Amino acid sequence: MVRAAALAQVGKGRGIGDGMELLSSLILIFISAALINNFVLHYFVGICPFLGVSRRVDTAFGMGLAVIFVITIASFLSWTFTYFILRPEAPIPVWVWRVVGGSPETTVDLSVLSYIMYIFVIASSVQFVEMYVRKFFQPLYDSFGVFLPLITTNCAILFACLEIMKHLQDPTRLWGLGEALTLAIGGGVGFTIAISLMAGIRAELDLCDVPRSLKGAGIALIVAGIMAMAFMGFTGVDRGVERAITALVGG
Amino acid sequence: MQDQPTALERFINGILPENPVYRQLLGMCPTLAVTGGMKPAITMAGATAFVLILANIIISLIRGLLKPHLRILVFTLTIATFVTIVDRFLAAYLYEMSKELGPYVPLIIVNCLIISRVEICASKQSVGVAVADGVGMSLGFALALASIATVREILGSGTWFGLQVLGEGWPAWGIMVLPPGAFLTLGLLLGGAEWYGQRRSRRLVRAGG
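Order-wise, the sequence lines are chains A and B.
The letter at position 60 of the first sequence is residue 60 when you use the numbering used here, and the numbering goes up by one with no holes.
Count along the second sequence from 1, then add 251; that gives the number in the numbering used here.
Simulated from the structure, these hints should not be mistaken for lab results.
Where hints are given, some of them may not hold.
With the C-beta cut set under 8 Å, the calculated list includes, among others, these residues of chain A facing chain B [stated by the list, open to error]: (1) M232; (2) G236; (3) I245.
Stretch by stretch, here's where chain A covers chain B in the computed footprint (C-beta under 8 Å, at least three residues) [to be verified]: (4) 260-274; (5) 302-313; (6) 365-379; (7) 382-393; (8) 401-411; (9) 419-430.
None of the values given here were measured: they were computed from a predicted structure.
All C-beta atoms, glycine included, are put in the ideal place defined by N, C-alpha and C.
Just chain A, same shape as in the assembly:
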């Protein structure tokens, strides 16, 4: 129901009749989050696991999956809280303000509480997800359960929540749940791509003669720098995709 309301809201907010434009904006958000503005290589969030858990490809991939899983849940929760409670003129506090008899001219804005709310939501949802997965999905827990507690302090999750919050500040261009989840999953996929590539490169590096003082984090950071340069090559892909979609819809 929330999802339907969100999609309806997107349509209303931007005056879009057909779903095609929504779809193209979702594709653009995804490509931008996963490749062009990669969470790790462009925004530098999630560096700790990127350097710490990238020794083997399979553990790196497990970490990536765990991040996608948690980032989706946390973004869903934080979008819901932000949309209904924390953003300026959000429906629930406005209603409460009217009920207690506040003047209608006052702008109701609880966004000062957002950081505390987000970190609380992330920490508690990770905790619950860990318990739930351990109880009901033992194989899943065995494959990435050990990473779950680490993820609480992974900046990528909080960063996704903050990006979603940024797009819920301006009442004329509100993001719906669809956009928020697309950003989160795109960011998680980008993280998985980056950390898996890194693990593959590090496995090769073990066979190389690296200067002793650069061993470990030093060479990993230099490799990351070169990867970041390579990912800069994706700049502009979004415009090309946008043109292609427009042509497709128009034709």
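Following the hints, put chain B in place on chain A, whose structure we already have.
Structure of chain B alone, referenced to chain A:
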């Protein structure tokens, strides 16, 4: 409690021997993200110092009340409160800087440096030691940020704190202020610090033997 370091040791450890960035590899995301120039780097160091010292004080005061299974939650909520204060302060008095730092001010909440100091020091030792530890670690963090920002700003735009240091003809290395430059600079500086440390310990061994 005998083997816990004293206030002075905590203070000195934070600056070089256990430097948060070069020795412990903590707080990497602001280290890489805001060191494109000296001004954002110093602002970030100041904000982190404020949060770290005050969170250390509060946690140290309530350390007798902490329950083991809830302590991480208490830590993060305390830190989030102070980060909100810093964020509102920057938005009110340094609006341009607050825009430039963007999401990295709220991301101080999940800076591993602060959580690890609160966990290792403040939740076990008295207020005096916790303050000394906070100040030492903040100085170490500021030093690390300033060193990276110096390299990146001078090579990337030929300026330092906005002042021209290299001649007008310097072909600014644009890559240094972009994300790849952050990774390369930090990787090479880490290698340099490691090399220096190894050389010094070898010399000490030789002198001792």
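Honestly, which of those hints from before does the structure not fit? 2, 3, 4, 5, 6, 7, 8
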